[in-house]
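K.L.:
Each chain, written out:
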Amino acid sequence: MRASGLVKRFGDRRAVDGVDVELEAGECLAVLGPNGAGKSTLLRMLATLLRPDAGRLAVCGHALPERAGRARAEIGYLGHDPLVYLDLTARQNLELYADLYGLPDARRRIDDALDRVGLLARSFDLVRTFSRGMAQRLGLARALLHEPRLLLLDEPYAGLDAAGAHLLDAVLADASRDRGVVIVTHEVERGVALAGRLLVLRAGRTVLSEPTGTVDGSAFRARYEELVA
Amino acid sequence: MIAAARPAWGRQLRALLLKDLRLELRTRDTAVAMVLFAVLAMLIFQFAFGNRGDDLTPYAGGILWATLSLTAVLGVGRSWVPEREQGVLDGILSAPVPRLVLMASKTGAIYAYLLAVEIVAVPLVAIFFVRGSVAGDLGLIALTCLLANLGIAILGSLYACLALFARARELLLPVLFLPSLLPVVIAAAGAVNAVAGGTNDLSEYRGYSLFLAVYAVIFGLVAYATYDHVFDD
Chain A
1 MRASGLVKRF
11 GDRRAVDGVD
21 VELEAGECLA
31 VLGPNGAGKS
41 TLLRMLATLL
51 RPDAGRLAVC
61 GHALPERAGR
71 ARAEIGYLGH
81 DPLVYLDLTA
91 RQNLELYADL
101 YGLPDARRRI
111 DDALDRVGLL
121 ARSFDLVRTF
131 SRGMAQRLGL
141 ARALLHEPRL
151 LLLDEPYAGL
161 DAAGAHLLDA
171 VLADASRDRG
181 VVIVTHEVER
191 GVALAGRLLV
201 LRAGRTVLSE
211 PTGTVDGSAF
221 RARYEELVA
Chain B
1001 MIAAARPAWG
1011 RQLRALLLKD
1021 LRLELRTRDT
1031 AVAMVLFAVL
1041 AMLIFQFAFG
1051 NRGDDLTPYA
1061 GGILWATLSL
1071 TAVLGVGRSW
1081 VPEREQGVLD
1091 GILSAPVPRL
1101 VLMASKTGAI
1111 YAYLLAVEIV
1121 AVPLVAIFFV
1131 RGSVAGDLGL
1141 IALTCLLANL
1151 GIAILGSLYA
1161 CLALFARARE
1171 LLLPVLFLPS
1181 LLPVVIAAAG
1191 AVNAVAGGTN
1201 DLSEYRGYSL
1211 FLAVYAVIFG
1221 LVAYATYDHV
1231 FDD
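Sequence lines, in order, name chains A and B.
In this text, residue positions in the first sequence follow the working numbering: the first is 1, and each later residue adds one.
In this text, residue positions in the second sequence follow the working numbering: the first is 1001, and each later residue adds one.
Bear in mind the hints are in silico, worked out from the structure with no lab data behind them.
Each hint should be verified, as a subset may be incorrect.
Computed Cβ-Cβ distance ranges for the label pairs, DEER-style [claimed, not checked]:
| no. | chain 1 | residue 1 | chain 2 | residue 2 | range |
| --- | --- | --- | --- | --- | --- |
| 1 | A | A54 | B | L1040 | 51 to 61 Å |
| 2 | B | R1011 | A | V7 | 30 to 40 Å |
| 3 | B | L1146 | A | T129 | 35 to 45 Å |
| 4 | A | R56 | B | V1175 | 36 to 46 Å |
Beta carbons: idealized from backbone N, C-alpha and C, even for Gly.
Modelling step: build the complete structure from the supplied sequences, incorporating the hints.
P.N.:
See below:
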């Protein structure tokens, strides 16, 4: 994924202002920043949900917005919400997305995806009966169902209990081995632990973009507080 | 990882339509409200006009299609409610689904809801407002419904998609949608009156039916020409 000089305006305000991002397969990028820094807007542009006002963006070799349809097939996106219908069962939701992505052998893939997030036993239950954490796990299964080359996650740990967070850690560690992962998070320590690179935004602008290297999460927090102050 | 193939439109359309109908069967939020609204509107017309014993047969088509057009506003207004209220819109929009398929799926759902309403509304109109039997004309009235629904559903889904990201969508939708429906209401009422209104004029019926078909084709082309811009942020 390559993005250079991305700009997104809402009225007079520049929510994202000249941000550059590069990500290779097998890399994990954590996007950090305070509320209103432009993290979610950046992620929504990468997910083809928002059209940049300026800058260049290409996902998996597809220039956006011209080839957004092609790029979407390569992207798995999980937003603040799990993006599943509450009045369908977990399985029906995944069947819908399997059809939208044109997946072959959908039944086996759905079973595998539900098993991976620990929801196979609840697959015939309505999502409405799920806890927030279970719905979020189903959202993760949905985002991974088509085995995307680029995984975009916006606050994926929101609403997860300790067991759910542990499961997400494991799924992400597995997923980021052969695909690009971008995680937007407020959790600085977790972001540093998970990602190979950090991007810190403030007021829509990049204030830090560097590999995590051997940086310790709690040690980085003090620097982060200075950067976003 | 899966090699990115272009998913088949037919499979996507069927899945989206099935999803809408499944949600409706489970929640009964839209079609039931539309049927109830249509029945109440018929009752209001009956109390307003029918208590003097006048023959309202020449107005039956008008009453039917005035009711159906207002009912359609309800269905169109609710067509994206599950996606908006349950926060699923980003999931659907980030999937590799051509916007035309999204619009077509909503057209199909609105069409199905209108059919459900007509199954109740047409007999009610016959009972309340038509003197004599319309049993022999039911086939032609059904054909009018099928043709008119097409135009209403295409136009409705186009406006519903346009209003999707608008702030005052509840206000915007009827203000845009109802005036655009006037030609359908006039032609469909004319077609019903031509066969059930006592005149039994088949050439007039054919003319109105042709107009309804042309209207559906024109708005189908408008939807095709604009669909990609309708979903722009």
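K.L.:
All hints are to be evaluated individually against the structure, with a verdict given for each.
P.N.:
Against the structure, the hints come out as follows:
Checked against the hint of 51 to 61 Å, the pair A54/A and L1040/B passes, with Cβ atoms roughly 53 Å apart. About 37 Å separates the C-beta atoms of R1011/B and V7/A, a value consistent with the hinted range of 30 to 40 Å. A C-beta distance of roughly 39 Å is found between L1146/B and T129/A, which places it inside the suggested range of 35 to 45 Å. At roughly 40 Å, the beta carbons of R56/A and V1175/B sit within the given window of 36 to 46 Å.
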